[in-house]
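Asker: If you want the building blocks of each chain, they are given just below.
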Amino acid sequence: MNENPLTRLSPAQRILTHAVLLLLAIPFLLPLAWMISTSLKGDAQIFPREGSSVSPVSLANLIPSPVQFENYPAALKTVPFAVYLQNTLLLCLLNVIGAVGSSAVVAYGFARIRFKGREVLFVLLLATMALPGQVTMIPTFALYTKLGWYGSFLPLIVPAFFGAPFFIFLMRQFFMTLPEELAEAARIEGASEWDIFWRIILPLSKPVLATCALFQFLGTWNDFFTPLLYLNDPSRYTLAYGLQQFMSSYGGKYAQLMAAATMFTAPIIILFFLAQKTFIQGIATTGTKG
Amino acid sequence: MQSNRTGYAFISPWLLGFLIFTVFPFVASIYLSFCRYDIISPPAWVGTANYEELLAKDPRLWKALWNTLYYASVAVPLGIVAAFALALLLNLDVKGMSVYRTIFFLPNIVPAVATSIVFVWILNPQIGLVNGLLRHIGVEGPAWLNDTKWAMRSLIMMSLWGVGGSVIIYLAGLKDIPASLYEAAVVDGAGTWDRVRHVTIPMMTPVIFFNLIMGIIGAFQYFTQAFIMTAGGPEDSTLFYALYLFYRAWRYLDMGYASAMAWVLFVVVTTVTAVVFRTHRKWVHYGG
Numbered sequence: 001m002n003e004n005p006l007t008r009l010s011p012a013q014r015i016l017t018h019a020v021l022l023l024l025a026i027p028f029l030l031p032l033a034w035m036i037s038t039s040l041k042g043d044a045q046i047f048p049r050e051g052s053s054v055s056p057v058s059l060a061n062l063i064p065s066p067v068q069f070e071n072y073p074a075a076l077k078t079v080p081f082a083v084y085l086q087n088t089l090l091l092c093l094l095n096v097i098g099a100v101g102s103s104a105v106v107a108y109g110f111a112r113i114r115f116k117g118r119e120v121l122f123v124l125l126l127a128t129m130a131l132p133g134q135v136t137m138i139p140t141f142a143l144y145t146k147l148g149w150y151g152s153f154l155p156l157i158v159p160a161f162f163g164a165p166f167f168i169f170l171m172r173q174f175f176m177t178l179p180e181e182l183a184e185a186a187r188i189e190g191a192s193e194w195d196i197f198w199r200i201i202l203p204l205s206k207p208v209l210a211t212c213a214l215f216q217f218l219g220t221w222n223d224f225f226t227p228l229l230y231l232n233d234p235s236r237y238t239l240a241y242g243l244q245q246f247m248s249s250y251g252g253k254y255a256q257l258m259a260a261a262t263m264f265t266a267p268i269i270i271l272f273f274l275a276q277k278t279f280i281q282g283i284a285t286t287g288t289k290g
Numbered sequence: 001m002q003s004n005r006t007g008y009a010f011i012s013p014w015l016l017g018f019l020i021f022t023v024f025p026f027v028a029s030i031y032l033s034f035c036r037y038d039i040i041s042p043p044a045w046v047g048t049a050n051y052e053e054l055l056a057k058d059p060r061l062w063k064a065l066w067n068t069l070y071y072a073s074v075a076v077p078l079g080i081v082a083a084f085a086l087a088l089l090l091n092l093d094v095k096g097m098s099v100y101r102t103i104f105f106l107p108n109i110v111p112a113v114a115t116s117i118v119f120v121w122i123l124n125p126q127i128g129l130v131n132g133l134l135r136h137i138g139v140e141g142p143a144w145l146n147d148t149k150w151a152m153r154s155l156i157m158m159s160l161w162g163v164g165g166s167v168i169i170y171l172a173g174l175k176d177i178p179a180s181l182y183e184a185a186v187v188d189g190a191g192t193w194d195r196v197r198h199v200t201i202p203m204m205t206p207v208i209f210f211n212l213i214m215g216i217i218g219a220f221q222y223f224t225q226a227f228i229m230t231a232g233g234p235e236d237s238t239l240f241y242a243l244y245l246f247y248r249a250w251r252y253l254d255m256g257y258a259s260a261m262a263w264v265l266f267v268v269v270t271t272v273t274a275v276v277f278r279t280h281r282k283w284v285h286y287g288g
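Which chain is which? The protein sequence lines are A and B, in order.
If you're matching positions, the first sequence starts at 1 in the numbering used here and goes up one per residue.
If you're matching positions, the second sequence starts at 1 in the numbering used here and goes up one per residue.
In case anyone wonders, no lab produced these hints; they're calculated from the structure.
Fair warning: this is a prediction, and the values are worked out from it, not measured in the lab.
Quick reminder that beta carbons are idealized off the backbone N, C-alpha and C, glycines included.
It is possible that part of the hints are untrue.
To be verified - With the C-beta cut set under 7 Å, the calculated list includes, among others, these residues of chain B facing chain A: (1) Ile11; (2) Ala85; (3) Ala172.
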């Protein structure tokens, strides 16, 4: 806790703070609670009774009764969830390896080696982060189509191996804080730059590598746009895209739809609780050092 | 360590990617914006026809641009105020704060596709949660996403649900404010509100500025939620620029026209960002 006078509170103020926070917490939690609750309900609890045009929604209705776990296996039967999951995990794995690996190599070059044009190129790299994707999207699509990659996973994998500007930026900042003496000593003993990068810098950089790996995993897991552009065969759909397809085909099956949405969201929430520190630190650095 | 060859070897993955995935498409899209192009047949030069249509003959484009600017000018400031206020609350010294922080942050990590689907469900006019609760207090809620007036407001409200990410950034910023500044303010007889106004807010302006810029850029890329929840409707009331561009390029295969749209977007985003940067000296404070 930081010790600034803004945070010192009287008992009455403490109670008021709790009351306000609890009240505000309701709208933040309710949509997720409603998603899970709907996923466990039978149609009788979701749709209006005969003769009524509206369903009896109330907070008492938040508790499913009876609890119907059948919506989950039913959703898995309606859409090939296992195939989508497999595709998504494969893409996540390859994107994490590609983006983190290539960005680390590039970041080392920008952080630790002096070369002609380094500053100009780094400014260009930063500028590409602000470039709206729409400007490059169409020619890139045309390029992939010419290469015959449309419909395959390649457009969703290959770009990751060319470094991600944001990760390069984060890693460069981190590498620059590491003491130069370690590298100097290794150089005197005849180590190459690659050895220094691989044996000395990388092992010291686990926190920043973890942050980038996490961001990339989330980015690929959540990505809706790239699969929408490039995938046309349902056997290659990802979870994000498959879920949207599920909704547009079976939008009225709310219980199953929410079961599918819950299955899609749950791994991310679990991941958050497992890697809370990496999450929070990663986001905090983005805003304050960025 | 000075070595041109080693340096370029290390940055070569990015440099190559930059040439293939940024420089080439950047230049190619200028050319395409002067062509008729449907991907299947080669691009055909049409001069400034795309730009002429865009400026004079396409009311939907102006609608989309207006919607996007409207969303940016309402959702972005609202998000900043909400996130900042929440961060101030979450920075208070009461028990269980980490639980509250988790609660407010959680919606931020829910994938956009899942968020969109859940909100379509809770905003359902007949059997959704929101109107159900409103009925209990005797209010018949609007048709939300099916109502030309309320659809955009629904998306703006939904954006507030995800402010948790910015809250974390503000919280980190609040922690960086040196306690000595507050102590000095107390010595000068400043009350709580004075301290917020004259210490906290000025010290936080760089973070607010960062969030403002990211928010503006984000608004121009706003796509997934609108695509899934409203498809731009009803009556184009949530037709965002990025969504319309997608429709022109991939539904109508007007890739040349969409390239021209992308360039207009580029100019608009750059101008808006530059204008905001201009004001930046007047209100953003750096250092103590």
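Asker: Which numbered conditions among the earlier hints are violated in the structure presented, ordered from lowest to highest?
Answerer: Violated hint (a single one): 2; every other hint is consistent with the structure.
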